[in-house]
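Could you build the full structure based on these sequences and the hints that come with them?
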Amino acid sequence: MSVVSVRSVRKAFGGHVVLHDVNLDVTEGSVTTLIGPSGSGKTTLLRCLNGLALPDAGIVRVNDVTIDYGAKPSREARKALAAQSGMVFQAHHLFPHRTALENVIEGPVYVQKEPVAQARERGMALLAQVGLAEKADSYPSQLSGGQQQRVGIARALALRPTLMLFDEPTSALDPETVGDVLTVLRDLAEQGWTMVVVTHEIRFAEQVADHVAFLDGGVIVEEGPPAQVLGDPTEPRTRRFLRRVLDPLADGREEQA
Amino acid sequence: MDAGVWELLLNSVGPLVMGAIVGTIPLTVLSFVFGLAIALAVALARMSANRLVASVAAVYISIIRGTPLLVQLFIIFYALPMLGVVIDPYPSAVIAFSLNVGGYAAEAIRGSILAIPVGQWEAARTIGMGYTLTMRRVILPQAMRVAVPPLSNTFISLVKDTSLASSIMVTELLRRAQEIAAPSYQFLALYSLAALIYWLICSVLSLGQQRLERYLGRYVTV
Ligand SMILES: Nc1ncnc2c1ncn2[C@@H]1O[C@H](COP(=O)(O)OP(=O)(O)OP(=O)(O)O)[C@@H](O)[C@H]1O
Ligand SMILES: [Mg+2]
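As given, the protein sequences belong to chains A and B, one line each in that order.
Using the numbering used here, the first residue of the first sequence is number 211, and each one after it goes up by one.
Using the numbering used here, the first residue of the second sequence is number 553, and each one after it goes up by one.
Read the hints as simulated data drawn from the structure, not as lab findings.
Glycine included, C-beta positions come from ideal geometry on N, C-alpha and C.
Treat the hints with care, as some may be off.
[What the hints assert, rightly or not] Restraint-style ranges between C-beta atoms, simulated for each label pair:
| id | chain 1 | residue 1 | chain 2 | residue 2 | range |
| --- | --- | --- | --- | --- | --- |
| 1 | B | 633 | A | 286 | 50 to 58 Å |
| 2 | B | 610 | A | 325 | 55 to 63 Å |
| 3 | B | 582 | A | 267 | 52 to 60 Å |
| 4 | B | 569 | A | 286 | 56 to 64 Å |
| 5 | B | 671 | A | 393 | 46 to 54 Å |
| 6 | A | 248 | B | 600 | 29 to 37 Å |
[As the list claims (entries may be wrong)] In silico negatives: residues of chain B with every beta carbon more than 12 Å from chain A:
| id | residue |
| --- | --- |
| 7 | 557 |
| 8 | 577 |
| 9 | 584 |
| 10 | 748 |
| 11 | 750 |
| 12 | 755 |
In structure tokens:
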């Protein structure tokens, strides 16, 4: 059974339709990347998977939690859906008044009622896993962007979700710290985590993703294995997008020529 | 000034300081604690999705801020007895000041909660927190830092506002000064002494405020 299935999901903000009847499936243990131009609906689609965005219509299923947005979803259903996944934000959204370790154990201790000693032990192991054991007692403001993002990953992992969602985890980072974060993502993929990653890192998608979906204007224009979507795209829109991302100056040069 | 005045002043320091200790200071602290509790409830009500709850809170804030504190005090002490509600001077003052702080501090608390970025709410949601837990563990601890400067102003104003309680016969600093000044006609000396003591209390509080701000801001960029 797939971990995620999205059927005919539609979402509009005001009169502006952002997702047009989108379908998406994510198989267990796979890495799916969502790529596409700014404003194409990647973040919105990702947020529909954990209920941070509420679709206007359609069905979202994650594991055994299904919400049909034909009716107003109950609070319990939304909570159950949200509990399936961990989320890593572009702007990390760490709790600034708590240390790295406190950020990681906040959910386990206060939501899942895990004993503090056990949560701390697991939290330390998670921080070690993302390479930040020695930063456990630092506040987010004392960490670099890449380190903050890795704490955010540990915080999401700490709740033992079955699905990990990443919204452009490296877009706000200095170039030299991007690699640290992508390495953690690759490790998670190798450990068999089911992941959905919104990213502009085409090289990362090529090397780590099992499935790539290209969105444009709220529609999945093309999807498939990276070798096909990124290596040999059939849709002109995909080609144009890839050309622009891989060589940002290309368009300008063509116009000048 | 002749020696008699100096002697009167010297002898008055004790009674005035006692007035502060038994009157002004506990009146301020009690009213501030109750007032903050009221303010938090009113601030949350004001932000409620329930329109009726939100309007009741808005009306409360509007009345408190739109009427003089002295009038509020008189209504509780002199007017309520006409409706059969008789309250002693000291508790009357505590009630009036608490309600007043509740109205003013509510806006400061509401502003500080709204100042916390929406991403904090979203991050809390994704780790499974509901409204109450998010407020308690994520939003209020951060909002507190934002709220300290305006709430400190409220607190320091309250110290001085408690002098209004002298008008309903509560024994506090100003009342003591009046009691000694009236028979001796030494208004200048006694009221100056009272002013000096108020100023000392407020100066100590300002220092405390600075230390509290530093403590609460310890996690902000070092
Ligand atoms: N809360 C909101 N209210 C109104 N409009 C919104 C909201 N969130 C997103 N939108 C609009 O929906 C569209 C899709 O936004 P979305 O954030 O999903 O795009 P994206 O593909 O993630 O873009 P980017 O690469 O810039 O992050 C955009 O036009 C955006 O302006
Ligand atoms: Mg986005």
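State the violated hints by number, sorted upward, taking the hints as numbered earlier in the document. Result: hints 2 and 5 break, sorted rising.
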